[in-house]
Amino acid sequence: MARITMRQAITDALREEMLRDENVFIMGQEVGVWGGTYAVTRGFYDEFGPRRVRDTPISEMVIGGAAVGAAMNGLRPVAEFMTINFAFVAFDAIVNHAAKLRSMFGGQMKVPLVFRAPGGGGRQLGATHSHTPDVIFAHFPGLKVVSPATPYDAKGLLKAAIRSDDPVLFIEHATLYQLRGEVPEGEYLLPIGKADVKREGSDVTLIGYAQGLQVAMEAATDLAKEGIEAEVVDLRALRPLDMGPAVASFQKTFKAVVVEEGHRSYGIGAEVVARLQEEAFDYMDAPIKRVAQHEVPLPYSRELEQAALINKQRVIDAVKEIL
Amino acid sequence: MAEYIVMPKLGFDMREGVLNRWLKEVGDAVHKGEVVAEIESDKATLELEAQVEGTLLAFLEEPGSVVPIGANLAIVGQPGEDVSALTGGGDAAKAPAPTPVAATAAAPAPPTAVAEPAPAAATETLSAEFPGGVKATPVARRLAAEKGLSLAQVRGSGPGGRVRRADVEAALVQPPAAPAMPAAPATPVMPAAPTPTAVAIGPDSEAVSTTRLRQAIARRMVESKVSVPHFYVTTEVDMEAALALRQQINALLPDESKVTINDLIVKAAALALRDFPNINATFAGEQIVRHKRIHVGTAVAVEGGLLTVVQKDTDTATLSKIATDNKAMIARARAGKVKPEDVEGSTFSVSNLGAFDVDSFIAIINPPEAAILAVGSVKQVPVVVNGQLAIGTRMKATISADHRVTDGAEAAQFMQAFKKYLETPLRLLV
Numbered sequence: 001m002a003r004i005t006m007r008q009a010i011t012d013a014l015r016e017e018m019l020r021d022e023n024v025f026i027m028g029q030e031v032g033v034w035g036g037t038y039a040v041t042r043g044f045y046d047e048f049g050p051r052r053v054r055d056t057p058i059s060e061m062v063i064g065g066a067a068v069g070a071a072m073n074g075l076r077p078v079a080e081f082m083t084i085n086f087a088f089v090a091f092d093a094i095v096n097h098a099a100k101l102r103s104m105f106g107g108q109m110k111v112p113l114v115f116r117a118p119g120g121g122g123r124q125l126g127a128t129h130s131h132t133p134d135v136i137f138a139h140f141p142g143l144k145v146v147s148p149a150t151p152y153d154a155k156g157l158l159k160a161a162i163r164s165d166d167p168v169l170f171i172e173h174a175t176l177y178q179l180r181g182e183v184p185e186g187e188y189l190l191p192i193g194k195a196d197v198k199r200e201g202s203d204v205t206l207i208g209y210a211q212g213l214q215v216a217m218e219a220a221t222d223l224a225k226e227g228i229e230a231e232v233v234d235l236r237a238l239r240p241l242d243m244g245p246a247v248a249s250f251q252k253t254f255k256a257v258v259v260e261e262g263h264r265s266y267g268i269g270a271e272v273v274a275r276l277q278e279e280a281f282d283y284m285d286a287p288i289k290r291v292a293q294h295e296v297p298l299p300y301s302r303e304l305e306q307a308a309l310i311n312k313q314r315v316i317d318a319v320k321e322i323l
Numbered sequence: 324m325a326e327y328i329v330m331p332k333l334g335f336d337m338r339e340g341v342l343n344r345w346l347k348e349v350g351d352a353v354h355k356g357e358v359v360a361e362i363e364s365d366k367a368t369l370e371l372e373a374q375v376e377g378t379l380l381a382f383l384e385e386p387g388s389v390v391p392i393g394a395n396l397a398i399v400g401q402p403g404e405d406v407s408a409l410t411g412g413g414d415a416a417k418a419p420a421p422t423p424v425a426a427t428a429a430a431p432a433p434p435t436a437v438a439e440p441a442p443a444a445a446t447e448t449l450s451a452e453f454p455g456g457v458k459a460t461p462v463a464r465r466l467a468a469e470k471g472l473s474l475a476q477v478r479g480s481g482p483g484g485r486v487r488r489a490d491v492e493a494a495l496v497q498p499p500a501a502p503a504m505p506a507a508p509a510t511p512v513m514p515a516a517p518t519p520t521a522v523a524i525g526p527d528s529e530a531v532s533t534t535r536l537r538q539a540i541a542r543r544m545v546e547s548k549v550s551v552p553h554f555y556v557t558t559e560v561d562m563e564a565a566l567a568l569r570q571q572i573n574a575l576l577p578d579e580s581k582v583t584i585n586d587l588i589v590k591a592a593a594l595a596l597r598d599f600p601n602i603n604a605t606f607a608g609e610q611i612v613r614h615k616r617i618h619v620g621t622a623v624a625v626e627g628g629l630l631t632v633v634q635k636d637t638d639t640a641t642l643s644k645i646a647t648d649n650k651a652m653i654a655r656a657r658a659g660k661v662k663p664e665d666v667e668g669s670t671f672s673v674s675n676l677g678a679f680d681v682d683s684f685i686a687i688i689n690p691p692e693a694a695i696l697a698v699g700s701v702k703q704v705p706v707v708v709n710g711q712l713a714i715g716t717r718m719k720a721t722i723s724a725d726h727r728v729t730d731g732a733e734a735a736q737f738m739q740a741f742k743k744y745l746e747t748p749l750r751l752l753v
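As they're listed, the protein sequences go chains A and B.
This note's numbering numbers the first residue of the first sequence as 1 and each following residue consecutively.
This note's numbering numbers the first residue of the second sequence as 324 and each following residue consecutively.
Bound-form chain B, shown alone (with noise of 0.2 Å):
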C-alpha cells in the first residue's frame, strides 16, 4: 500500500514550506527516520526525515517548489506498485521525474547537515499516521474542535510534536501568526497590512530575492508596528560590579560557558520579569494573558535577517547554564542548523547591539511579547559622584512595551528592578 512523504509543520506560525532538494532518487529504498529531503521554512533549513518506509516510487513536488503543509511530495510503497492513481491519473508532469533530480544533486549543496539528525524535523510531520494528519490527544481534539481551531495550525510540544491541551488554549489566546490568517476570536481586529509598492526595476537598481526569513521577518515587525501600541522607557545601568563579576566568574569557566555581558543581561531581564509577571505577558483582547514560565530570547543576528534563540525558565536557570545554551543555540543559528525548538516560545526578548558601538535604540516587540529590551554598548563615560567628575562604566537599555498590558509607571519600575540586579549582581547568582 502506496504512502506520502508529505510536507511537515515546522513551527506554529508554519503554513508552507520550501522542497529545497530530495536526497534520494526514484527507486531508492525509504526507511523510517531517514532524512529524504531537504526543508526550508522561514526560520531554518532543516532536514526532512521520512515517516514512512518502503521504495521510493515517485516524486510529487519539484525541487524549488513552495509547498503547504501536509500537501504529498513523494509516495512510498513496494517496488512496482501502480501508483499512476496516486500522481494525478498518470499525468507526466506529476510521474516520476529523475533527470531534474539528478540534475539537483550534481549541483553544489548548501552545506546543511545531511547526516546530521534533526529529529524536530520529522516529529512536527503531518501524516496519514494520525487522524487529521496531526498527531494529538483526545483532549486536545475535542477542545479543537469545540473552539473550531485547526489542529493543523497548532505546534504540538508534547513527545514527537504530539499537540496537547495547553498547546490548543495557547493558540486560542494568541494573535494570529501571520496576518494572511483570519483573526483568531480573541484578538482585535488588525487593519490590513499595507501592500508594498510596486518599484521599477531600472538599470540603477537590482533585484535581490527574499529568503523566507526576511519574508517572516516583515511579516511579524508589521504586524507587531500595526497592532502593538509601543512605548518605550530608557534607563541607564552603571555596569562596573557587573562587569568585575563576569571577570571573576570567567576565570573559573572553561570556554564553552564563559559568561557574556549578554548573558546577565538575559538573567537580570529574567529575574525583573519575576518581579513584574505582567510584563511577561501577552494582550489576548478580553484577557491578559500571564505566562507562568520566563523564557527570555535573545536576538541573533543571521545570514539574511535575524532569529531569537530563546532560554527556557530563563529565572531558575544558572548564569552557566545560560551561557553554555546561548552560545549552541547562536552557533546553530548561525550556521542554517537552528532547531525549531532554539527559536519557539520566548516570553520577553532581549535585542543587543553593544557589540557595534550603539548608544541607546528601540526595538520592535516580537509578538505575542509584551515586551522587549534594547541594549546599547557598555561604555565608559564621565559621571558625576558626589558632585567629583568621574570615569563611570554605563550601559542604556530601553524597553518596548505593549501599553495595552502595561503602563509607564510598571515599565519604569521593570527597568529599576533590572537595573538593580545588574549593579548589584551577586544577585544574580543566588
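The following block holds chain A by itself, in its conformation from the complex (with noise of 0.2 Å):
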C-alpha cells in the first residue's frame, strides 16, 4: 500500500469525484490558476477548467452563499474557506441556510455541499488565525463536522461528504498535511460518523480526532514503554457524533482522557464526559480528565504559543493522574 500524505489524500479524493460526477466542482480563494493556499487542488484548474475550477472575490460571504445556490439548484459544490478562522465571516451562509434549509422548507431542496477548511494552531499565525472552532459549527443540527486524522480517513471521508446530501463541514487540520500514511489504491468510502479504534489498549481509553487523535497516540506510544496500554478512539466526526466506540473501550478501561486541540470550556471533551457518564455510569473508576488549549488568546510567540497547546507530555500527565 502507498504511503502518501493527507495532502495527497485529499488531492486524490477530489480529483477522483470531480472525475466520476461532473456536477462535483470546486470554488475558493486562490484554488484555481495558484492551485491552492495549501496546494491542495495544484493542476486542477489545467486538467477541470475555469468553469469546475472557480476562483471567487476575496469574500467568505460570497463563497458561502454561492455554494449554498448551487447546491440548491442541483450541483455539488466543494467550497474551500482559506481557513477555518475565515468561514467567521460566512457563519450565516452556513449555519442559518447550507444547515436549515432542507428542514425548514419541508425537504423541498437538499444542500449537497462541503466546505473545505484548513484549521488549527502551532504555526505561528497569531491568535485570530488560529483557531479550533470545530465545536462551534458541530453546535447545531443539519451541519455534519468532519474532521480527519489521518490521511486514510481523509480520503474516505472526503469522498463520502462530497456524496452526502446533507452539507458537510470538512476541517483539516493544517499541521497534518504533511503526515503520511498508508492509503490503499482504488476507491473506497468511509461513512461519515463512525468513530474508530486507532490503537487497542486495556488501561486507559484516550478519545481524539484530528491532531488531538495523533497528539493522544504519541502519547499512547510513550505510556507503552512504561508499561500503560493505552486505547486510542479516533472520533473523526464531531456530528454525527458516534460515541460507540469509546463507550465500549471506557467499559474496558474503567478510565479515559478526552484530548482535543480546541479550548477546553464548552469543547468537544465536555461532550464527551457527558455522554461518558450518562451511558456508562456504573463504570467510571476515575474523574474523567480533558487535556485541550489553555484559555488564552493562542500567543504569537513560538514558546508560548506551544505552551497554550496540547502535547503529549499533557496527554501522559493528566493519565498518571487517574491511573
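No lab work stands behind these hints: they were computed from the structure.
Just so we're clear, the structure is a prediction, and the values are computed from it rather than from any experiment.
Every residue gets a Cβ at the ideal spot worked out from N, C-alpha and C, and that includes glycine.
Be careful, since some hints might not be right.
[Said to hold, decoys possible] Here are the simulated lysine-lysine pairs, BS3-like style, with alpha carbons at most 30 Å apart:
1. K650(B) / K635(B)
2. K355(B) / K320(A)
3. K702(B) / K662(B)
4. K635(B) / K312(A)
5. K644(B) / K312(A)
6. K225(A) / K355(B)
[Claimed, not checked] Looking from chain B toward chain A, a few residues come up when the C-beta cut is under 8 Å (computed):
7. T460
8. A463
9. R465
10. L676
Dock the two chains into a complex; use the hints.
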C-alpha cells in the first residue's frame, strides 16, 4: 500500500469525485490558477478548466452564499475557505442557510455541499488565524462536521462528504497535511459518523480526533514504554457524534482522557465526558480528564503558543493522574 | 443543619478506634480540615480532621471510648441549634459534657503532634457527604454491590481515600484482615483462633493492659501461623563486597540518605522478587494473585510492638531513595506519627535483627504476603577459601515462605538470587 500525505489523499479524493460526477465543482480563493493556498488543488485548473475550478472574490460571504445556492440548484460544490478562521465571516450562510434549508422547507430542496477548511494552531499565525472552532459548528443540527486524523480517513471521508446529500463542514488540520499514512489504491468510502479505534489497549481510553488524535497516539506510544496500554479512539466526526467505540472502550478501561486542540470550556471534551457519564456511569473509576488548549487567545510567540497548545506530555500527565 | 463528626477509617483492617481526647470544647468553632480530636488505631495515633464546618454543639463519645468506624463522635451545626433529637432524645448522659473534656484537656498531653497536619487521617473519614458514608467511584460501588462487599471494609487508594475498582478487587482476593470477620469467599476456612487462657492475677504477677498495636500483632500473627503453612530456607551471604560498596556510597551521600545494610538487603530482596514473581504474591484460595508492583516492607520495633514500613516500588527505587524514605518512615514510626501509607501495601517483608548480635532466626509471614526474610548480624567468621582457613564476613538470612504459593526449590533459588545480588552488589546500582 502506498504511503502518501494527507494533502495527497485529499487531492486524490477531490480528483476522483470530479472525474466521477460532473456536478462536482470546486470554488474558493486562489483554488484555481494558484492551485490552492495549501496546494491541495494544484493542477486542477488545467485539468478541469475554469468552469469547474472557480476562483472567487476575497469574500467568504460570497463563497458561502454561492455554494448554498449552487447546491440548492442541483450542483455539488466543494467550497474552500482559505482557513476555518475566515468561515466566521460566512457563519450565516453555513449555519442558517446550508444547515437549515432542507428541514425548514420540508425537504423541497437539498443542500449537498462540502465546505473544506484548514484549521488549527501551532504555526505562529497569531490568535485570529489559529482557531480550532470545530465544536462551534458541530453545535448546530443540520450540518455534518468531519475532521480526519489520517490520510486514509481523509480520503474515504471526503469522498463520502461529497456524495452526502446534506452539507458537510470538512476541517483539515493544517499541521497534518504532511502526515503520511497508508492509503489503498482504488476507490473506497468511509461512513460519516463512525468513530474508529486507532490503537488497542486495556489501561486507559484516550479519545480524540484530528490533531488531538495524533497527540493521543504519541502519548500512547510513550506510555506503552512504561507498561501503560492506552486504547485510542478517533471520533473522526463531531456531528453526527458516534460514541459507541468510546463507550465500549471506557467500559473496558474504566478511565478516560479526552484530547482536543480546541479550548477546554464548552469543548468536545465536555460533550464526550457528559455522554460517558450518561451511558457508562457504573464503569467510572476516576474523574475523566480533558486535555485541551489553555484559555487564552493563542499567542504568536512560538514558546508561548506551544505552551498553550496540547502536547503528548500533558496527555501522559493526565493519564498518570487518574491511573 | 447539624452534621456529625464520625470515627474515621484509617486502614484496611481498622474496625474501631479509640477516641483519645478532644482538642475542642463544646461551643468552639470548627473549620473543615481542622484537627478536632486524637484517635488511636491499631497502628498509630492520628489526628482527626473535621470534614464539616460550624460550631461544636455536643460530644457523643467521651475520651477513652472504643468506637466503631463510621459511628458518630460529635455534632457540629449552627450556634444554639437544638440537637436534643440527635443526641438521643435529650438523654443527659449523651448531652454536652464539658467537665470530662476540660479534665482531659488539662491532663498531660501525649507527645503526639497536635499542630502537624495528618492528611491521611481525614481522608478516610466515613462521612454523610458520600453515599453509604464512603467515597468511592461508581465502578467500585457497582462491583462491591455485585459481590456483596461492604465498601466500609475497603481501604481506598485514590485521591482523598477514594475507593477505586482496584481496591475492591484487591479486597475480594485478600484474606480477611481479622479472624472476627467472616472469611471472604476466596479464602480457605480458617481454624478459629484459640481463646486466650484466663490467668489469675496474684501478688506475684502484674497485669499490663495491651495497646491496640499489641492486639493487632496478636491477631495477625495467630491468623498467619494457624492458616499459612510456613517452610524455611536459610542461606549464608558473603557481605564483604556489599560493605565495601556501602562505605564508598556513603562517602558521597549526606547524612539523611546514608545507606544502611538493611537498605542493601531490601533492594537485593526486591530485585530477587523481580526474578521470582511467584513469591511476590498472595494466596487466594482458587488462585494465586501475583502483584505486579514490588513493595518491600521493613519491620521496625516501636514502643509496645512493631510496624512494617513500606518502600513502594522497591525494585525501581534507587538506593538513596530507599535510604531516605526508610529513615523518614522509621523515624515517624518510632515517634508514633506514622502515616497510613507508610505501613500499608507491602508485598514482601524483611525483618532484620542484625543490630542485636543474632546468628539467625525465623520470622512469621505477614499476611497477605507470601514470604518474609529474617536477617541476622553481619559477622566475622572463619571460612575456608581454596582449602585454607581465612576470616570472612558473613550474614545469615532465612526466608519463611507460604507453601501454598511456592515450594522449597523455588524459595532456595530465590535465596540464591538474593545472595548473588548482595555478593555482586554493583547490581544493586544498575
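Status of the hints after comparison with the structure:
no., hint, verdict
1, K650(B) / K635(B), "14 Å, holds"
2, K355(B) / K320(A), "28 Å, holds"
3, K702(B) / K662(B), "35 Å, violated"
4, K635(B) / K312(A), "27 Å, holds"
5, K644(B) / K312(A), "28 Å, holds"
6, K225(A) / K355(B), "42 Å, violated"
7, T460, "5 Å, holds"
8, A463, "7 Å, holds"
9, R465, "4 Å, holds"
10, L676, "36 Å, violated"
Of the hints listed earlier, those the structure fails to meet are numbers 3, 6 and 10, in rising order.
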